[in-house]
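If you read the sequences in order, they're chains A and B.
Here the first sequence is numbered in the numbering used here, starting from 1 and rising by one per residue.
Here the second sequence is numbered in the numbering used here, starting from 626 and rising by one per residue.
Since the hints were derived computationally from the structure, they do not count as laboratory data.
We put the beta carbon where it would ideally sit given N, CA and C, even for glycine.
A couple of the hints might just be wrong.
Said to hold, decoys possible - Here are a few chain A residues that face chain B, going by a calculated C-beta distance under 7 Å: (1) L30; (2) P41; (3) A110; (4) E122; (5) N588.
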Amino acid sequence: MNRRDVVKAILWSFVGATAVIAFVRFTKGLGAVTALTDTTPWGIWVAFDVMAGVALAAGGFVVAACVYIFHLEKYKPIVRPAVLTAFLGYGAVIAGLMFDLGLPWRIWHATIYWQHHSVLFEVAWCVMLYFHVLALEFAPVVLEHSVFQRPLFQRIYRILKKATIPLVILGIVLSTLHQSSLGSLFLIVPFRLHALWYSPLLPLLFFVSAIGLGLMMVTLESLISAWLFQHPVHKDLLSGLGKAASYVLCTYFLIRVGDLYQRGQLGFLLEGSWQSAVFVIEILISTVIPAVLLMKRKWRENTALLTTAAVLTVSGMIMYRIDVGLVAIARVPGMAYFPAWTEIVVSLGIVSGAGLIFIFCAEHLALFDPTHMPEIKANPYAKPVFDPVSKTWLGDRPQQIVRPVSLAFVLAVAVTAAVLPTKATSEYERPPTPVQGAVGWDVLRIDGNRMLEYTLFPHADHIKLFTEKYGEREGCVRCHHMSKPKDGPTSCWECHSDMYLPTSIFNHDRHRDRLGGTESCVQCHPAGDSKQTDTVRKCDWCHKDMFQNQESGTFNYIAPSYIRAMHGTCTPCHMEQATEVNREDLANCATCHTESAYPKGRPMLSENVDRAIPLKWYPQSLSEF
Amino acid sequence: MSTESKGILTDVTKCIGCNECTKACVKNYNLPETPPYTQETGDGLSAYRYTSIIRVSANRFVRKQCRHCLEPACASACIVGALHKTPEGAVHYDESKCIGCRYCMLACPYGIPRYEWHTATPYVRKCSMCYERISEGKIPHCVEACPKEATIFGTREELLEIAKERLDENPRLYLQHIDGEKDVGGTSVLYVSDVPLDFIGWKKEMGTKPLPALTWGALSKVPGLALGVGAVMGGTYWIIERRNKLMNTNKRGEDDHE
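Make a model of the complete structure from these sequences and hints.
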């Protein structure tokens with residue numbers, strides 16, 4: 001296997017993995033394969049595949065403008081790969097959208113339901129039109145192939161050739177519009193986008209950075225093609241592109257920093273927040289370092305340095321798109337987004353698909369400048385590989401490629417299907433209660449109601465108690481593995497069955513408070529025993545004279561809760577009377593839970609109900625018993 | 626804005642947090658009683674809850690719902706116009722148009738629209754101010770269910786009058802600000818409160834400028850920009866082409882491009 005086949009196998013394996021995830025995504029919904037939430041509606045598929053994809057494809061219009069409009073004929077050899085890269089880039093954008101849109105089969109709605117106030121509407125139209133413009137720009141290269149020898153194709157070929165200049169101009173117009181509009185998309189989120197990125201100049205910044213990125217993407221694509229197809233690097237051309245890129249990057253830097261200064265936001269850089277760190281890293285790798293590396297001709301002509309600069313700019317500008325679209329967008333605290341691995345694989349899979357088509361085109365079409373290609377030492381006596389007449393492959397070459405590549409594809413499909421997250425394969429279930437472990441898991445914080453109000457659960461104490469009581473294995477099993485689905489732990493209430501049920505005769509909270517808060521538990525619950533009613537000291541432990549006529553221990557402690565008792569006593573009669581005496585308000589909550597409770601700052605609790613029974617009837621302290 | 630434009634006024638000081646509004650909404654829109662977990666954002670809203678009660682302190686509850694902005698950012702963002710402000714005051718969502726781009730969710734300054742993440746045919750969900758009901762002259766389910774008249778329905782002007790009266794009558798209780806009167810260009814869902822409501826949007830101070838103006842500023846320049854760029858590019862091509870031709874008159878007839 002040569003290096004191209006290895007690359008193909010890797011790309012095909014990503015495509016295979018993507019195919020599996022695509023099946024899940026379209027049958028189970030976005031939630032099954034993404035980490036998207038209501039607070040992160042746009043994830044990596046938008047930020048990387050769509051926003052960065054469009055920017056990466058900017059090389060197409062930049063090079064086309066150089067060659068056809070500014071007549072810089074020198075760059076002609078790289079027009080075809082640049083246009084193909086752009087075409088495939090937009091193809092990847094559309095593929096990414098098909099994954100990301102909730103209802104992708106309605107993508108054509110944008111063509112009939114016009115909403116010209118939406119930036120997205122403009123972007124959609126430009127992307128759609130430009131995709132077709134690129135297809136027409138690239139079509140002549142396809143039609144040059146020997147398959148299209150018929151006169152009809154040749155006529156189309158000549159028409160397209162003549163239409164080159166109008167197509168190129170249309171392409172430049174459309175690119176200018178939507179490259180900048182991708183920035184305008186975020187003008188509507190001034191409150192969510194961090195001040196280091198939010199700027200009224202977003203459209204301009206996106207446009208200028210797209211030109212710099214486009215130039216460096218063409219450079220990088222040339223370098224990769226040269227490596228992949230083992231032909232020499234166009235040093236002179238790439239140096240010229242690099243020079244232009246360094247000017248563009250400097251301009252971009254000046255606008256970016258000048259804009260920050262002008263808006264008085266430079267102070268954020270010294271803030272030391274993670275956003276300022278992200279900003280500095282982004283501006284360094286996207287602009288500053290590459291601009292310096294591209295300054296000198298000698299450096300530009302050094303392949304290693306040029307590659308470094310190209311990789312840095314491309315990744316840095318992708319980072320700019322991802323920062324604006326994803327990283328610097330404010331979210332609900334505690335709802336951080338990190339892409340699920342399935343999202344990352346799909347992103348890579350889409351790019352891989354584009355890469356495979358590029359390689360296919362490079363192998364079968366006159367993509368590269370023939371004068372620059374190394375002469376292939378053709379063996380005139382070698383058997384032909386492909387017979388175009390009978391359309392059959394000859395010899396063993398195809399099998400040699402196909403075998404490892406298809407193996408990689410099938411393996412990737414199998415591996416992906418095997419490691420899919422459970423939420424992708426099973427019915428969606430409520431995830432476990434949020435539990436935060438304290439240091440050493442001595443005390444857990446459990447948010448049972450998901451109200452961000454945590455209960456402290458002394459896990460270490462429970463372990464100690466249970467191991468002492470039941471032994472090491474049995475102890476754990478009291479809570480874990482108790483025939484719960486997925487070995488979930490036992491809920492508190494399953495043991496502490498009546499912990500928080502203040503009954504009409506026993507007010508737990510009141511006792512606790514009177515006896516000195518949480519340290520008073522042991523006064524009623526003997527130390528070392530579980531905190532339950534059947535182990536607690538009975539009332540007459542303290543209230544010596546309470547049950548003089550009853551046998552100690554026969555008292556039934558489990559009674560309806562206070563709320564149920566009160567509501568059960570009051571509301572049925574209230575409801576009845578509401579209709580009988582025609583006073584609707586009698587049945588309303590607010591009749592008893594009155595406003596008068598508010599100025600004093602009391603919650604809607606039983607204590608604050610306007611009572612039919614005056615408060616004085618209730619015992620105020622233990623001494624009254 | 627027509628005088629017929631309706632709105633909802635929620636008085637935080639009157640709310641007892643009984644959740645009757647949520648229950649009425651759940652019941653009448655056939656939402657699941659125990660919603661499938663949908664990556665809740667902590668405020669209780671989800672694709673299965675169009676309104677929720679947020680407990681801000683022991684005895685203060687704030688009902689969260691779509692604000693039905695006068696100039697809604699979501700409607701301006703929507704690529705196919707599935708969201709639009711109706712004359713009745715509701716921001717209406719037409720699910721037959723939606724393509725699921727979720728730009729509205731990003732654009733909303735209050736973070737209201739939610740998505741059905743766990744279905745193969747997902748839609749955006751949010752409070753519709755019971756659009757079908759109010760266009761028949763009825764009042765929304767949530768308002769009908771409120772036992773305390775903490776949330777009331779009427780034309781926006783009436784509600785503003787009532788809100789002002791309450792602030793004047795009880796200036797020591799209320800914060801002297803009608804939330805939604807001017808915020809982000811004004812909203813149809815108004816609040817009066819004695820606790821600050823700055824947590825309800827993405828930023829504490831969101832200003833009075835409607836958000837759609839921000840993108841429209843850039844978008845309105847598009848036709849001019851398109852013509853300008855086209856003209857400059859065409860002109861540049863023509864000038865250089867002509868100069869080249871004049872320079873190489875002998876070489877005329879050669880294929881110009883490619």
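Next item on the list: List, from low to high, the hint numbers that the structure doesn't satisfy.
Entry: Nothing - there is no hint that the structure violates, so all of them hold.
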